[in-house]
Amino acid sequence: MSKIKLITDGLVKNNPTFVLLLGMCPTLATTTSAINGLSMGLATLFVLVLSNMAISAISPIVPDKVHIPVYIVVIATFVTLLQFLMQAYTPAMYETLGLFIPLIVVNCIVLGRAEAFANKHGVLESACDGIGVGLGFTCSLTVLGLVREILGSGSAFGYNFIGGHDGMLAFVMAPGAFLCLGYLMVLFNKFLKKN
Amino acid sequence: MAVKSNLTNMVLVLSLTCLVCSGLLGGAYALTKEPIEKAQAEKTKSAISQVLPHFETLEYEDDHHYYTAFDGDRVVGYAIESSAVGFGGNISLMVGITPDGVVYNTSVLSHSETPGLGAKCTTDTKFMDQWRGFDPSVKQLSVKKDGGDVDAITASTITSRAYTQAVANALLLFDELGLDEINDEKEEEDHE
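The listed protein sequences correspond, in order, to chains H and Y. Following the working numbering, the numbering of the first sequence begins with 12 at its first residue and continues without gaps. Following the working numbering, the numbering of the second sequence begins with 81 at its first residue and continues without gaps.
So that you can see chain H by itself, here it is in the shape it has in the complex (with noise of 0.2 Å):
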């Protein structure tokens, strides 16, 4: 399978937020902007690529029954390498999506890869696939993030276009959120049937 075939695949058509609908709880809480979107998107994919690389090259020796545990301690460290990055460079950042971050680790996208996909493959083959999977999670999530910023606070990354009005606050909350991904799910897998 091509490098470049594995990264497209992880945008469309294993897309894990339309179509394998993974990782809800951090797409539904962190997409009340399109920045809060991206940047959540951003750190998944991080976390992504060197936990596939990492896991992918560890696998050959690590026992069958214990590798869970050893999967989950490799992605955590990852997740808390980030944490700590994140809180000494980009604290602003942190400050917005600081709960979210440690959930990381129990993103079922990260271990579904790994599970799915890392243990049986080359490292190169896994990175790409962490990428395409990461690049999907986080255009998913800032189009989620820039659909309810539009309508919920008539904005569009931070800039106010409706001169200080309020926006249909619904959106911004945990109701819109089920909306917006529902339609936007509908309307992701149309397309894709077309083609």
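Hint data in this document are derived by calculation from the structure and do not stem from the laboratory. Take the hints with a grain of salt, since some may be wrong.
Unchecked claim - Think about it this way: if two alpha-carbon atoms lie no more than 25 Å apart in a straight line, the pair counts; the simulated DSS-like pairs of lysine-lysine are:
#	chain 1	residue 1	chain 2	residue 2
1	Y	LYS84	H	LYS131
2	H	LYS76	Y	LYS84
3	H	LYS204	H	LYS14
4	Y	LYS219	Y	LYS123
Given the structure of chain H, go ahead and fit chain Y onto it with the hints provided.
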């Protein structure tokens, strides 16, 4: 993953993984410790300089969590950390009070209010500006709905109440500690 599990290799691989990972994290912790502390100190400092007039040095009082700001020898004000329970959790504020007992300004350190509603306590200029020079001896410190003089954020009365409560807590601490007399005492000493 063709390795068959037995006790030896399971214990070996798990311990080895944990050892390598903890080593890695220990290193990362040591490397990022200083920048993290610096970032946090900077955040506190910028919050304090937002809520107090110009000052030169700061002194931290551990027991009651407040900072005294000096300009030379003279006390220009106190920055008091204070919090109250809002709609989504604690709202934590830095409240700047000048020695005459008037609020100089306030700033939000952390909160978990609803985005678009209570979270406006960090962006709503009309709400935030009313704290500038708020004199508790002239104005009633509660929201208008409760018969006070504080304009609440639209549709976020609970957040506004909590914010007001946090400011009230800071002023209470200020009174309890008798901070308002500090410059008077100094002047008396000078006269003697």
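Hints versus structure:
Under the criterion of a C-alpha separation no larger than 25 Å, the hint pairing LYS84 of chain Y with LYS131 of chain H is consistent with the structure, at around 16 Å. Between the alpha carbons of LYS76 of chain H and LYS84 of chain Y the distance comes to roughly 8 Å, so the proposed pair stays at or under 25 Å and holds. Proximity of LYS204 of chain H to LYS14 of chain H is assessed by CA-CA distance (about 24 Å); at most 25 Å being required, the pair is judged to hold. With a C-alpha separation of about 31 Å, the suggested pair LYS219 of chain Y and LYS123 of chain Y falls outside the 25 Å cut-off, and the hint is violated.
Figure legend: structure checked against the earlier numbered hints; the only hint not met is number 4.
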